[in-house]
Amino acid sequence: MVTAGSWPDRTIRITDPADPRIAEFTAMRDRDLAGRGDRFIAEGRVVLQALTDVLDDAGSGRGEARFVIEKVLFLENRIEGLGDLIDRLDADCPVYVAGREVLDAAVGFAMHRGILALGRHLPPPSLGGFLEGLPDQALVVVACGIANHDNVGGIFRNAGVFGADAVVLDQSCCDPLYRKAIRVSVGAALRVPFCRGGSILALVGELVSHGFEVVGLSPRGAEELSRFQPGRRQVLLLGTEGEGLPEELLNALATLRIEQAPGLDSLNVATTSGIALWHIAKTMGRIGR
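Residue numbers for the sequence shown follow the UniProt record's numbering, beginning at 1 and rising by one.
Derived by calculation from the structure, the hints in this document are not laboratory data. No residue lacks a Cβ here, since even glycine has one placed at the ideal position from N, Cα and C. Heads up, some of the hints might be wrong.
[Said to hold, decoys possible] So the derived label-pair ranges between C-beta atoms look like this:
{"no.": "1", "residue 1": "Gly288", "residue 2": "Asp9", "range": "25 to 35 Å"}
{"no.": "2", "residue 1": "Arg13", "residue 2": "Ala254", "range": "25 to 35 Å"}
{"no.": "3", "residue 1": "Glu132", "residue 2": "Leu201", "range": "42 to 52 Å"}
{"no.": "4", "residue 1": "Glu70", "residue 2": "Val208", "range": "18 to 28 Å"}
{"no.": "5", "residue 1": "Glu70", "residue 2": "Asp9", "range": "11 to 21 Å"}
{"no.": "6", "residue 1": "Gln260", "residue 2": "Glu101", "range": "20 to 30 Å"}
{"no.": "7", "residue 1": "Gly211", "residue 2": "Glu248", "range": "14 to 24 Å"}
{"no.": "8", "residue 1": "Glu247", "residue 2": "Glu224", "range": "42 to 52 Å"}
{"no.": "9", "residue 1": "Pro123", "residue 2": "Gly288", "range": "43 to 53 Å"}
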């Protein structure tokens, strides 16, 4: 890290939107559709604040090293108010500054709020190792087949608000580090640890082997959510809208339903996650203290 107040000496001015030093920020809308592997774009002060908080926690030993900020790109008229964040970046992280026309031309749209960062996710080597790092009393959200970025972002936001320890996503879920998912989550996709990959059946089997009790949410659930008493290591399993969870899982697991008025068959999955997490977190003593 650099010393406080040293940020003006770090800025590098960009005058050409085609400058290769900011190539990762170019035409982000199209590149996001193609995916970025473990790299992602963080936009806006709130999201960058969340990312630097996670990095600070890792640096102080309060959390795992899960991200790296590789470079940042700021609008020149925003730079004066970002000194505190810039001073928290590693000394070797380039800080690029550009005018409005250059930045909009490079990025391809004007919704970036003048604050952009290129981050890299350091994924856990295995789900087993990831789960072993969780506390004895743990609450984990598992997502199955959720391909809508708004829903994934909403689930992460709810997981953060209600104190979930982690989110696990199967191989058919969309990337929680897409710009829109991060933005909808208000940075919670960066704050809440997560692990991705594998079939939902394999993920559930791994969770059970690590002592987790798994319960699935479904409009056809056998038990009312309001009556549910969670265990010490609890998994809340959410399925995609429409098809829901696979029938094989519904037949093998305990299932919950949220009581609702007649007429519509189900709630939005992000809304469902918020209601269910509120009940489970409150019952586990994670909120309201």
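So, going through the hints one by one against the coordinates:
{"no.": "1", "hint": "Gly288 <-> Asp9: 25 to 35 Å", "result": "violated, 47 Å"}
{"no.": "2", "hint": "Arg13 <-> Ala254: 25 to 35 Å", "result": "violated, 59 Å"}
{"no.": "3", "hint": "Glu132 <-> Leu201: 42 to 52 Å", "result": "violated, 21 Å"}
{"no.": "4", "hint": "Glu70 <-> Val208: 18 to 28 Å", "result": "violated, 37 Å"}
{"no.": "5", "hint": "Glu70 <-> Asp9: 11 to 21 Å", "result": "holds, 20 Å"}
{"no.": "6", "hint": "Gln260 <-> Glu101: 20 to 30 Å", "result": "violated, 51 Å"}
{"no.": "7", "hint": "Gly211 <-> Glu248: 14 to 24 Å", "result": "holds, 22 Å"}
{"no.": "8", "hint": "Glu247 <-> Glu224: 42 to 52 Å", "result": "violated, 21 Å"}
{"no.": "9", "hint": "Pro123 <-> Gly288: 43 to 53 Å", "result": "violated, 33 Å"}
Against the hints set out earlier in the document, violations occur for numbers 1, 2, 3, 4, 6, 8, 9.
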